[in-house]
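Participant: What follows is the residue order along each chain.
Protein chains: 2
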Amino acid sequence: MARIARGPLDTILGLRLRRANGAVQRHFGEHFADLGLTQKQVSVLWLTGDHPGLAQTDLAAALDMDRATTMALVHALEKRGLMTRAPALSDRRKIAFSLTSQGSILLDKAKAAVDEHEDWLKRRFDAAELATLEELLARIYR
Amino acid sequence: MARIARGPLDTILGLRLRRANGAVQRHFGEHFADLGLTQKQVSVLWLTGDHPGLAQTDLAAALDMDRATTMALVHALEKRGLMTRAPALSDRRKIAFSLTSQGSILLDKAKAAVDEHEDWLKRRFDAAELATLEELLARIYR
DNA sequence: CATTATTGTACGTACCACGTACAATCTCAG
DNA sequence: CTGAGATTGTACGTGGTACGTACAATAATG
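Going line by line, the protein sequences match chains A and B.
Residue 55 in this note's numbering is what sits at position 55 of the first sequence, and the numbering runs on without skipping anything.
Residue 1102 in this note's numbering is what sits at position 102 of the second sequence, and the numbering runs on without skipping anything.
Because the hints were derived from the structure by calculation, they are not lab data.
There could be a bad hint or two in this list.
Calculated lysine-lysine pairs in the PhoX-like style (CA-CA distance at most 25 Å, straight line) [as the list claims (entries may be wrong)]: (1) A/Lys109 to A/Lys79; (2) A/Lys40 to B/Lys1040; (3) A/Lys40 to A/Lys122; (4) B/Lys1122 to A/Lys122; (5) A/Lys109 to A/Lys40; (6) A/Lys111 to A/Lys94.
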C-alpha cells in the first residue's frame, strides 16, 4: 500500500482535534467494552450520581448536548435499569433523574476504569503540559 | 433551570477533548451547510485531489478510519458526482479514486471555507500557543 | 386571565464507526 | 510453479451520537 502524505491537511487544527478525539474514543471503547458503557453514558451516570434529582435540561446544558440527544441516552440507561425517573415536586413539568443501586455500583466500577483510561491518556504529558493543554482546549468550547 | 456543576468531570481530559471537538464540529456544520459537506467529506475530497489514483486503503490509513467507514464516504461522494472510480492498472484488486471536475470545483470552494473556519478556531491562540497545541494533540493520535 | 416560555415526549433524519462474511487478486514459501 | 495465506474491495448489518420538528402539559409573566 502506498503511503499517502496528508500534507496540508496536517495544518488543519480541526482535523488534529478530530483525530486525537477519535484515538481517545477508540481506547475508551476497548477499555469499557466489558462494562458496556460509552464515554457519554459514563458522563450521564456520573453527573446524575453527583446531582440526584436533576432534569433533562440540566444534563443537556452540563454536557453541551441537544435535549433530544440527552433523552436518547437517558432512555437507554433507564432501559438497562441504571437510572430511574420520578416527577419533580418543585415543578410538575420536570422529571427528576437518579441512579438505581445497580447504576451506582456500575458507576463506581466505571470511575475506576476512567482513572485507568485517563492515566493512559495523560502519561504523554508532564504536569505543566497537561495544565496547558486543558486550558487551551477550554478556550475552544467555552 | 438549576445550574449544575460538572465538578470532577472537568478534570477528565477525554471529556474536554470531546467537548472541544464537538464545538468545532458544530461550527463546521453551520459553516458548511450551504456546501453540503461534512468535515470527513472535505478530508476525503482534499486527499483525493492531492493524490489522484489513491485507493480505499490509502484513504483509510491517512484518515485513521475503518475501511467500511471509508467506503461509505466514498460511495456518497460518488453518488453526488464528485468522485469517480476506475480499476487500477498496477494491481487489479485495487480501484483508483479521483475527483470529477465538479468535485474539483467544490473542493476549491471548500478549501476557502476551511480557511475561514480555521481562522475562527485559531484566533483563540497566538502563534506559540498554536504550535504547542498542535504538538500536544499529535502525541495523542500518533 | 391570556400570552409566552419552558419542559418533556415522540417521532424522523443524518453521519460516523465498526464487525462480519465473501470473492477476486496478489504474494510468497516451498 | 503451485498452493496457502495476505490484501483489496463489496455487501450486508449494528449501534451511538447529534440534531430538527411538532406537540401537550405546566409555569411564569404581563
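Participant: All hints, please: hold or fail.
Facilitator: Status of each hint after checking the structure:
no.	hint	in the structure
1	A/Lys109 to A/Lys79	holds (19 Å)
2	A/Lys40 to B/Lys1040	holds (22 Å)
3	A/Lys40 to A/Lys122	holds (19 Å)
4	B/Lys1122 to A/Lys122	holds (24 Å)
5	A/Lys109 to A/Lys40	holds (15 Å)
6	A/Lys111 to A/Lys94	violated (28 Å)
When the structure is compared with the earlier hints, a violation turns up for hint 6 alone.
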